[in-house]
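In order, the protein sequence lines correspond to chains S and F. Residue numbers for the first sequence follow the working numbering, so the first one is 1 and each next one is one higher. Residue numbers for the second sequence follow the working numbering, so the first one is 184 and each next one is one higher.
Hint data in this document are derived by calculation from the structure and do not stem from the laboratory. Ideal Cβ positions, reconstructed from N, Cα and C, are used throughout, including at glycine. The reader is advised that the hints may include incorrect statements.
As the list claims (entries may be wrong) - Sample of chain S residues at the chain F side, in silico, Cβ under 10 Å:
#	residue
1	Glu24
2	Ala26
3	Gly46
4	Val51
5	Val55
6	Phe63
7	Thr123
8	Arg145
9	Gly164
Listed below are the residues making up each chain.
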Amino acid sequence: MTRPVRYGDERDAELIARWKAGDEGAAAELVERHASALARFAVSCGASSDVEELVQDTFVRAFASLDGFRGDSSFRTWLFTIERRLLMDRRRSLRRRPEALEIQEQDASTEWNALDEMVADETQMRVRQAIEHLTPTQREVFMLRVTEGMSYREIAQAVDTTEGAARVHYHNAMRAIKEFLDA
Amino acid sequence: MRECSNVRMRELLPDLEHDRLDAEVRAEVEAHLVTCGDCQAELRLLRQVVAVTGTPRVDTARIVAALPSPRGGRTRVWNMRSPLLQLAAALVLVAGATVIGLRLDRRPDARSASPAPQVATHAAQRPAAAAANAVAAARPVTTTELPVGEPLHDLSDGELRALLAEIESLDAVTSSETEVVVPSIGRSGA
Chain S
1 MTRPVRYGDE
11 RDAELIARWK
21 AGDEGAAAEL
31 VERHASALAR
41 FAVSCGASSD
51 VEELVQDTFV
61 RAFASLDGFR
71 GDSSFRTWLF
81 TIERRLLMDR
91 RRSLRRRPEA
101 LEIQEQDAST
111 EWNALDEMVA
121 DETQMRVRQA
131 IEHLTPTQRE
141 VFMLRVTEGM
151 SYREIAQAVD
161 TTEGAARVHY
171 HNAMRAIKEF
181 LDA
Chain F
184 MRECSNVRMR
194 ELLPDLEHDR
204 LDAEVRAEVE
214 AHLVTCGDCQ
224 AELRLLRQVV
234 AVTGTPRVDT
244 ARIVAALPSP
254 RGGRTRVWNM
264 RSPLLQLAAA
274 LVLVAGATVI
284 GLRLDRRPDA
294 RSASPAPQVA
304 THAAQRPAAA
314 AANAVAAARP
324 VTTTELPVGE
334 PLHDLSDGEL
344 RALLAEIESL
354 DAVTSSETEV
364 VVPSIGRSGA
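Take these sequences, add in the hints, and give me the full structure.
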């Protein structure tokens with residue numbers, strides 16, 4: 001039905017092996033291949049001004065523990081897992097510092113308004129708002145499915161849930177977006 | 184916006200967009216799309232979601248510069264499957280065992296059976312000096328062994344006084360032992 005090999009997994013494995021053998025150029029290609037997807041996922045999870053820092057931290061952490069990567073999932077799914085954990089850690093630390101959270105929300109709001117002005121199409125803006133109204137888990141699952149084309153199995157690995165739960169989150173998200181747009 | 188009742192077709196729409204379907208399934212989904220207005224609308228919505236999700240600019244060169252070097256990573260984690268490391272570990276173990284064995288062999292008490300008989304031998308050879316040595320040797324040891332039953336009658340008066348002085352200088356009860364209190368029957372009158 002769907003093709004099992006994704007995102008050039010074999011190429012990733014080859015690049016990882018080369019990097020472990022001392023080829024630093026392999027790391028550059030791995031970053032090039034996955035940085036954009038990680039940035040999109042960060043934005044869809046609510047990250048705003050610190051997207052690049054988050055992506056960088058994800059790669060740094062991934063390469064530091066690359067010996068522990070067993071290849072049970074694709075390299076990209078593994079990167080999403082790491083990024084999501086980093087995001088959750090940041091959210092927790094922000095919750096402990098209410099002042100910081102306040103500043104962050106103001107920044108996001110300002111950025112949101114600026115972006116809104118750039119979006120000419122009313123429908124597109126509504127779609128954006130509909131996505132924003134999803135629960136965090138619905139949004140994560142929905143965006144990984146729609147923008148990255150990941151299977152439910154891969155999504156389940158990335159967001160630490162079951163395949164069935166990922167499927168339910170996707171359909172609930174789709175229904176919620178349609179209802180928001182119809183309202 | 185309505186939902187198509189064919190859940191399977193709806194679930195395959197993202198895969199269609201990302202070109203993940205086999206040719207046969209792809210043809211099936213495309214045939215369904217021709218006749219299903221709800222799935223057409225859902226596919227348009229998916230495309231809009233992708234369109235509004237911009238990709239932020241990321242400086243990949245900066246990220247690459249921040250990565251740990253592969254050699255640094257490898258030195259932190261020892262690969263114990265390496266034959267060289269295994270050989271080195273075996274050599275260290277053999278050398279350590281040899282050193283310990285040689286040291287044990289050189290220890291004076293390793294050649295005799297135990298310290299107690301050694302003291303007894305000395306006591307048998309030179310009773311007076313041996314008794315004094317036994318007392319002196321017994322000091323640091325918690326279990327004090329005096330040559331009880333050894334013949335003391337051939338000691339001179341001076342040797343006996345010295346021995347008694349040594350005995351008096353000892354604690355009657357070591358600090359680690361419990362003192363046994365013997366009740367005096369005569370005083371109580373019981």
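A quick look at each hint next to the structure:
1. Glu24: holds, 6 Å
2. Ala26: Ala26/S check passes; min Cβ-Cβ to chain F is 8 Å, inside 10 Å.
3. Gly46: The hint is violated - Gly46/S has no Cβ within 10 Å of chain F, the shortest such distance being about 13 Å.
4. Val51: Nearest chain F Cβ about 5 Å off; hint holds.
5. Val55: holds, 5 Å
6. Phe63: Holds, because the Cβ-Cβ distance from Phe63/S to chain F comes to roughly 5 Å (cut-off 10 Å).
7. Thr123: OK, holds: Thr123/S within 10 Å of chain F, min 7 Å.
8. Arg145: With a minimum Cβ separation of about 5 Å from chain F (threshold 10 Å), the hint on Arg145/S holds.
9. Gly164: violated, 13 Å
Comparing the model with each earlier hint shows violations of hints 3, 9; every other hint is respected.
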